[in-house]
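A.B. asks: Since the structure of chain U is already known, use the hints to place chain X on it.
2 protein chains.
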Amino acid sequence: MYSFDDLRDKIQEAFSILSFQKQPQELYEPISYTLSLGGKRMRPVLLLMGCDLFGGDIAKALAPAMGIEVFHNFTLLHDDIMDNAPLRRSQPTVHHKWNTSIAILSGDTMLIEAFRLMMQVENNQLRQVLDIFNSTAILVCEGQQLDMNYETQKDVSILDYLEMISLKTAVLLAACLQIGAVIAGADVEDARHLYNFGKYLGIAFQLQDDILDVYGDKDKFGKQVGGDIISNKKTYLLLKALELEALSDSISLNELLINNHISSQDKVEAITAIYDRLKVKEFAIQEKQNFYEIAMKELEAIDLPQERKSALTSFAKYLMVREI
Amino acid sequence: MYSFDDLRDKIQEAFSILSFQKQPQELYEPISYTLSLGGKRMRPVLLLMGCDLFGGDIAKALAPAMGIEVFHNFTLLHDDIMDNAPLRRSQPTVHHKWNTSIAILSGDTMLIEAFRLMMQVENNQLRQVLDIFNSTAILVCEGQQLDMNYETQKDVSILDYLEMISLKTAVLLAACLQIGAVIAGADVEDARHLYNFGKYLGIAFQLQDDILDVYGDKDKFGKQVGGDIISNKKTYLLLKALELEALSDSISLNELLINNHISSQDKVEAITAIYDRLKVKEFAIQEKQNFYEIAMKELEAIDLPQERKSALTSFAKYLMVREI
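Protein sequences appear in the order of chains U and X. Start counting the first sequence at 1; every next residue gets the next number (the working numbering). Start counting the second sequence at 1; every next residue gets the next number (the working numbering).
Be a bit skeptical, because a hint or two may be false.
Distance windows between CB atoms, simulated [unchecked claim]:
#, chain 1, residue 1, chain 2, residue 2, range
1, X, GLN128, U, ARG89, 33 to 41 Å
2, U, ASN124, X, ASP9, 35 to 43 Å
3, X, ILE262, U, ARG127, 55 to 63 Å
4, X, GLN21, U, LYS233, 27 to 35 Å
5, X, GLN125, U, ASP187, 24 to 32 Å
6, U, LYS40, X, LYS297, 52 to 60 Å
7, U, GLN128, X, GLU307, 36 to 44 Å
8, U, ALA59, X, GLN125, 20 to 28 Å
9, X, GLN21, U, LYS218, 43 to 51 Å
10, X, SER36, U, GLN128, 32 to 40 Å
With a straight-line cut-off of 30 Å between C-alpha atoms, the simulated BS3-like cross-links for lysine-lysine are [what the hints assert, rightly or not]:
#, chain 1, residue 1, chain 2, residue 2
11, X, LYS97, U, LYS233
12, U, LYS22, X, LYS154
13, U, LYS97, X, LYS233
14, U, LYS97, X, LYS154
15, U, LYS281, U, LYS154
16, U, LYS97, X, LYS97
17, U, LYS281, U, LYS267
18, U, LYS97, X, LYS234
19, U, LYS154, X, LYS97
Note that these hints are calculated values from the structure, not bench results. Keep in mind that this is a model prediction, so the values were computed, not measured. All residues carry an ideal CB built from backbone N, CA and C; glycine is no exception.
For reference, chain U alone in the conformation it holds in the complex (with noise of 0.2 Å):
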């Protein structure tokens, strides 16, 4: 069994060897500029742990793990560009420091590259790796759609943000773990319980990121603390604000979100105060709580025996009380 810091050092050493050195260089430097601005590769190790947990051999992980992590910043570099985002990684994003034409073409030449990565597996586990990439991907480009949407549409309700944030974020770390899990050999029941694990695990992590946009420790969190307040992101803790003062017929949140004249460092202290009024941290906590139990309860229920699950646990356990 393999620790997590042990499974990241390897695709550390398996990203230190994929090279993108290719012509045109126009489209390929983009490409080794994105995937070398790093992050904490999560999905390729989680990749790796779904076939570590049910003894699979590595090795034969590491490309389809690499596939994950490419098709992941794939969809980073076109978000960024859909967001207009100047930085990523606090670095220049690639159509900012080339140009949106680039971006463009050098993404899609990722998410064929994912594909052809992911497709080195053996012959009899083909159909059912790619089946699981490729409905996953669809998962993935829909819940950025709905994102989108709702960064205009009115009325979204928390059940429609879970939803969301389920297809965007918390179904590629399910499919991550069954991908692993199905070039371990595992059992079909099996891997759909390791999916649903890292399904509801992601809504739990995702729950996680929200709170620490407002409540993260400035110094560690790697992002601007209160990002989501001055974009008006529709996270789950404003949903939760925006319906519990629909109960308390207040409007004051409404109101500052339609402030274009208040500056960012008072809209976030406005809305904080207004978010710690109402605890919509502790629901936040209380919903992510809930999220991990039934995540617990999925790998519990793999026919495995306990200890062969304590990295998962481990891990599990950290998402939850990460402060970056």
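C.D. replies: Chain X alone, transformed into the frame defined by chain U:
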């Protein structure tokens, strides 16, 4: 044996059943719209022809044929964003009718859908079909990048240009035929000859396109005559004319390219006059004829009786004299 028209009817029927009536509709409507704009459906028909040539079951090639068409339309959708094109087949492009974010994401979804359709082959053909499709998709992206590079790059040689159109256009036609052959269970050597036939025919096809842009019949040609001239597009005709002018120390063509005060109509007339004087149309026809003949030699090399090849021979002849 089926004719081109028989097979196009089958493709049209298949597309009339393929539905993208899914949610969120903001994502899927642009996909249905793009596919409804029509076009010659040349690529899926070629895939079916490749299958039919070797006596394969056309029904088994229909889903991959649709996959190729969805892929081709994905490239058009994203290329139109990069070119900032307002119209495609006389209708508004997706980024104009909706917006750039939707065009990027719908295109991404089409690329993933193309893989899904391409996967609908028998298990023992899955890897071979996907290997061809995947590596071809990468080449098409590389070709698009070279095409963008050449917009601003000086000193693009005719060889550079032929390499670019080979990647951007010809290898996809080649791959269609090869995938069809694989589905029919063709011998590897024969499938390779068919691929080469498609590649060389594809280059000849693009050269015919370049000729039609300037010398096409305005009433029959689907696009604005002289569109390439107006946009200074480095076509075979322009590159050949620049090459010949350089030899004769004349600089009138270069002056016209950087003249921003001339009307589009005057520019088309003036540059066409230079093309006529330098006889670049005749050079282009000769070049096209050369590639056509190499293509036909590859077709001849396939170990089948001549009469089985008649549909492909007729199609190749049609491509060379087409006016649209």
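A.B. asks: Check the hint pairing U/LYS281 with U/LYS154 against an upper bound of 30 Å on the C-alpha distance.
C.D. replies: holds (22 Å)
A.B. asks: Between X/SER36 and U/GLN128, does the C-beta distance stay in 32 to 40 Å?
C.D. replies: Given a distance of about 33 Å, which is inside 32 to 40 Å, the answer is holds.
A.B. asks: A range of 36 to 44 Å was offered for this pair. Does it hold for the Cβ distance of U/GLN128 and X/GLU307?
C.D. replies: The hinted range 36 to 44 Å holds for U/GLN128 and X/GLU307, with Cβ atoms some 43 Å apart.
A.B. asks: So does X/GLN21 sit 27 to 35 Å from U/LYS233, Cβ to Cβ?
C.D. replies: Check passed, 30 Å falls within 27 to 35 Å.
A.B. asks: Sort out whether X/LYS97 lies within 30 Å of U/LYS97, counting only the CA atoms.
C.D. replies: Given pair U/LYS97, X/LYS97 holds - Cα atoms ~28 Å apart, limit 30 Å.
A.B. asks: U/LYS97 and X/LYS154 were given as a pair; does the straight-line alpha-carbon distance stay at or below 30 Å?
C.D. replies: Answer holds: U/LYS97 to X/LYS154 is near 23 Å, not above 30 Å.
A.B. asks: A range of 43 to 51 Å was offered for this pair. Does it hold for the Cβ distance of X/GLN21 and U/LYS218?
C.D. replies: holds (47 Å)
A.B. asks: Within 35 to 43 Å or not, the Cβ separation of U/ASN124 and X/ASP9?
C.D. replies: The hinted range 35 to 43 Å holds for U/ASN124 and X/ASP9, with Cβ atoms some 38 Å apart.
A.B. asks: Does U/LYS267 sit within 30 Å of U/LYS281, going by the straight-line distance between their CA atoms?
C.D. replies: holds (17 Å)
A.B. asks: For the hint 20 to 28 Å, verify it against the beta carbon of U/ALA59 and that of X/GLN125.
C.D. replies: At 27 Å between Cβs, range holds.
A.B. asks: Below or equal to 30 Å on CA atoms is what counts here, so check X/LYS97 against U/LYS233.
C.D. replies: holds (26 Å)
A.B. asks: Look at the Cβ atoms of U/LYS40 and X/LYS297 and judge whether their distance stays inside 52 to 60 Å.
C.D. replies: holds (55 Å)
In this structure, none of the earlier numbered hints is contradicted; all agree with it.
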